[in-house]
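Residue numbers (our numbering), protein chains in the order written: chain C, 4 to 444; chain L, 4 to 444.
Read the hints as simulated data drawn from the structure, not as lab findings.
Each pair may be met inside one copy or between any two copies, as identical chains are not told apart.
Each computed DMTMM-like pair below joins lysine to aspartate or glutamate, with the alpha-carbon atoms no more than 20 Å apart:
1) Lys322 / Glu425
2) Lys67 / Asp82
3) Lys322 / Glu441
4) Lys308 / Asp428
5) Lys419 / Asp439
6) Lys124 / Glu112
7) Lys308 / Glu266
Number of protein chains: 2
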Amino acid sequence: MKNYDAIVIGGGPGGIAAAYALQEQNKSVAVIEADLWGGTCPNRGCDPKKILMSAVEAKSRIEKLNGKGFNGSPTIQWDELMAFKRFYTDSVPSNTKKGFEDAEIDTFEGQAEFIDANTIKVADEQLSAKQFLIATGQRPAILPVEGQEYLQTSTDFLNLDKMPERITFIGAGYIAFELATIANAAGADVHIIQHNDQPLKGFDKELAMDLVDHLKNKGITFHLNIDIAKVEAVEPGYCLSAENFELSTDMVVVAAGRVPNIESLKLDNAGVNYSKRGIIVDDYLRTNQAHIFACGDVLDKSHPKLTPVSGFEASYVVKAMNGDTEPIHYPQIPSLVFGDQKLARVGLSEKELSENAQKYHSKTIELGSWFTYFRINDQEAKIKLVYDENQKIVAITCFSELADELINYFNLILEKKVSHEELTDFIFAYPTPASDLEYFI
Amino acid sequence: MKNYDAIVIGGGPGGIAAAYALQEQNKSVAVIEADLWGGTCPNRGCDPKKILMSAVEAKSRIEKLNGKGFNGSPTIQWDELMAFKRFYTDSVPSNTKKGFEDAEIDTFEGQAEFIDANTIKVADEQLSAKQFLIATGQRPAILPVEGQEYLQTSTDFLNLDKMPERITFIGAGYIAFELATIANAAGADVHIIQHNDQPLKGFDKELAMDLVDHLKNKGITFHLNIDIAKVEAVEPGYCLSAENFELSTDMVVVAAGRVPNIESLKLDNAGVNYSKRGIIVDDYLRTNQAHIFACGDVLDKSHPKLTPVSGFEASYVVKAMNGDTEPIHYPQIPSLVFGDQKLARVGLSEKELSENAQKYHSKTIELGSWFTYFRINDQEAKIKLVYDENQKIVAITCFSELADELINYFNLILEKKVSHEELTDFIFAYPTPASDLEYFI
Numbered sequence: 004m005k006n007y008d009a010i011v012i013g014g015g016p017g018g019i020a021a022a023y024a025l026q027e028q029n030k031s032v033a034v035i036e037a038d039l040w041g042g043t044c045p046n047r048g049c050d051p052k053k054i055l056m057s058a059v060e061a062k063s064r065i066e067k068l069n070g071k072g073f074n075g076s077p078t079i080q081w082d083e084l085m086a087f088k089r090f091y092t093d094s095v096p097s098n099t100k101k102g103f104e105d106a107e108i109d110t111f112e113g114q115a116e117f118i119d120a121n122t123i124k125v126a127d128e129q130l131s132a133k134q135f136l137i138a139t140g141q142r143p144a145i146l147p148v149e150g151q152e153y154l155q156t157s158t159d160f161l162n163l164d165k166m167p168e169r170i171t172f173i174g175a176g177y178i179a180f181e182l183a184t185i186a187n188a189a190g191a192d193v194h195i196i197q198h199n200d201q202p203l204k205g206f207d208k209e210l211a212m213d214l215v216d217h218l219k220n221k222g223i224t225f226h227l228n229i230d231i232a233k234v235e236a237v238e239p240g241y242c243l244s245a246e247n248f249e250l251s252t253d254m255v256v257v258a259a260g261r262v263p264n265i266e267s268l269k270l271d272n273a274g275v276n277y278s279k280r281g282i283i284v285d286d287y288l289r290t291n292q293a294h295i296f297a298c299g300d301v302l303d304k305s306h307p308k309l310t311p312v313s314g315f316e317a318s319y320v321v322k323a324m325n326g327d328t329e330p331i332h333y334p335q336i337p338s339l340v341f342g343d344q345k346l347a348r349v350g351l352s353e354k355e356l357s358e359n360a361q362k363y364h365s366k367t368i369e370l371g372s373w374f375t376y377f378r379i380n381d382q383e384a385k386i387k388l389v390y391d392e393n394q395k396i397v398a399i400t401c402f403s404e405l406a407d408e409l410i411n412y413f414n415l416i417l418e419k420k421v422s423h424e425e426l427t428d429f430i431f432a433y434p435t436p437a438s439d440l441e442y443f444i
Numbered sequence: 004m005k006n007y008d009a010i011v012i013g014g015g016p017g018g019i020a021a022a023y024a025l026q027e028q029n030k031s032v033a034v035i036e037a038d039l040w041g042g043t044c045p046n047r048g049c050d051p052k053k054i055l056m057s058a059v060e061a062k063s064r065i066e067k068l069n070g071k072g073f074n075g076s077p078t079i080q081w082d083e084l085m086a087f088k089r090f091y092t093d094s095v096p097s098n099t100k101k102g103f104e105d106a107e108i109d110t111f112e113g114q115a116e117f118i119d120a121n122t123i124k125v126a127d128e129q130l131s132a133k134q135f136l137i138a139t140g141q142r143p144a145i146l147p148v149e150g151q152e153y154l155q156t157s158t159d160f161l162n163l164d165k166m167p168e169r170i171t172f173i174g175a176g177y178i179a180f181e182l183a184t185i186a187n188a189a190g191a192d193v194h195i196i197q198h199n200d201q202p203l204k205g206f207d208k209e210l211a212m213d214l215v216d217h218l219k220n221k222g223i224t225f226h227l228n229i230d231i232a233k234v235e236a237v238e239p240g241y242c243l244s245a246e247n248f249e250l251s252t253d254m255v256v257v258a259a260g261r262v263p264n265i266e267s268l269k270l271d272n273a274g275v276n277y278s279k280r281g282i283i284v285d286d287y288l289r290t291n292q293a294h295i296f297a298c299g300d301v302l303d304k305s306h307p308k309l310t311p312v313s314g315f316e317a318s319y320v321v322k323a324m325n326g327d328t329e330p331i332h333y334p335q336i337p338s339l340v341f342g343d344q345k346l347a348r349v350g351l352s353e354k355e356l357s358e359n360a361q362k363y364h365s366k367t368i369e370l371g372s373w374f375t376y377f378r379i380n381d382q383e384a385k386i387k388l389v390y391d392e393n394q395k396i397v398a399i400t401c402f403s404e405l406a407d408e409l410i411n412y413f414n415l416i417l418e419k420k421v422s423h424e425e426l427t428d429f430i431f432a433y434p435t436p437a438s439d440l441e442y443f444i
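Here chain C stands alone, though its shape is the one from the complex (with noise of 0.2 Å):
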């Protein structure tokens, strides 16, 4: 039976993270992965979505200008943007595994199953260790309506070779509009259900409905307070019912949350705890055997289930595993909706927000006119400020093109606390997006 300082069970970023950083302390580790070395965000996740999304990004850029330089708007050749997206993910696992190998961190293939709190059991192999790390991250969750075996999710989306004439998303989360936004600029007519009447939960409701209304624009139709009932396969496509509601589609995707991989880890060998919602930690993320640890998606934690944030646990984790004592204390995290026109928000969450609605105040700016986005023509841009009653801003959502570059400075600004007179005698490239952040902070 192989021994090791340290198992990581998991091969996606928060493993990875770890697993070098554990190596690098001349520990020997050993990762084991049950599915795609590299894990949900560079297979099915964050990477090939953006890449899918450059050229949503391209075609907005240009149908914004329409009729203020271009005329008409050019399509999206499907299968050369998918063979884009696969020349990057299909090297990813065997890259992934070859970097663990190249630096001498052992890796095994097939499900772990512990055996008991020291032991494992992976593809007829048992592999003890003194510590473990467990990064096996989440799926997509199953919708239990009947005729479920019709359902795609996520990962069958961003593996399309042809993309249907008809899509509908079930679910309202960001992963749903986003790949929402991806099919509608490829040309299909896309629907989006929602079990409820909020959309994009844990982003401000006004900016959130301004994506929502931007969307319709674009020709996406939502239907909200539907809560679908049954799948049905029919000639061509299927049909979706729910009460008083029918709708035909080619594909229907699920988005509708996702669950912990743990059930098959057989964690009750090991004494570990943990919910539906995944491995129950403490502050050191450990969980109630001392010497097995958690981190990322598969935690049984509020904060967003998000690659850097994987990434960051993982560091700390490394640490925690020396006997470091401070418990783990999060910066703040950014959340994005990628697309044409993205949502941003840093700051405290839109839940501790409403818990203390009285103590805020904001201030909401249309920003179509400010050169930054006029020259864009992105006549939709909007910046929403939320002041405590010292008027300090303690969160920020943005909706346009450029959001995600925005917050990035506002994360930048908040974190190392830079001050309105300090931007102001700051100089930033003109004009960029930075060159207004003095009118904002």
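Based on these hints, arrange chain L on the given structure of chain C.
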């Protein structure tokens, strides 16, 4: 004769910023403008250029994905693009003037001439003031060659009704590069002629040559070490000639330096010192006449002549006019060549770096395979970091479609002295250019 607390000569970015700031101190203020209210930047500089550049950027985004999601390249409709530009620029003078009037700042139109150190004549009126600010800016230099009457300037280019088939730029600074990039994207056959072999002086040579190569690949022809001696009108167009050199073209734009607007001010009547490079000031932006200040492009100073620098100086000068005694301290000043591929720098100047070359070493990183650049197929992307003997970053140059965004992050990071450790503890929206920052710093 009207008497003011302060008279501002020049209604451009510097003059505007100063006039409003002075007015807010309850001073009586007059502003004098000899040409277009608003000055160079919004009428015939940064802003119109960057509106035209919107189309260049959008077209390039599509072209980069040729065969990777799009086929072909969208055609820029110059007349529409110019109409879009004019929609913006046409209202700049009247809006600027109205802004002054609404703020109860007096406006005078015409050439200001000093009668003596306390009195100015403008359009048959005489005005006196306790203090003056000269912010008259610069204009394109005329090339002293035979046939100079056939030469046009950036001002003409930015107002072109129709893009000529062939266009030639004399000069290879950032203005020539930017306008050449626009003309090339709009379909013209573009030539750039430079009297020496150093295009984009002031930028890192290696990355400047990358931009030259990029523009060559786009079809722009460079003629270096050519000193144009004569311009002749031929049918059709013009013939440019130099020793062993002849070129036929339809339009010749001179972008070979700019000269200060000082001759008509009759500075000698006020006893104000100046050189041919501009008005001479001390570290308080004060001329040899203690009550006469100057700021912006009109200064004889080595700082980059850029809109935000002028704004920064204007804010300073208002304080200096009140007797604040700290000498002006400039922050870092990023420089940027806009285009479909941008070149941007921040930190110690190339002059400072070359004067103490033995103290510095550099590292150039190819970014084309990094996800941020891979996904938009920006294969040429590069970054060059210059370090001092203590491994401290003293200058950064970026060459990429996203160089403007990067350089503004670096500006914030270097100004606020954000360390690598701090950066790794920040969480940026992922994947974005900002999420790469920790790998550079």
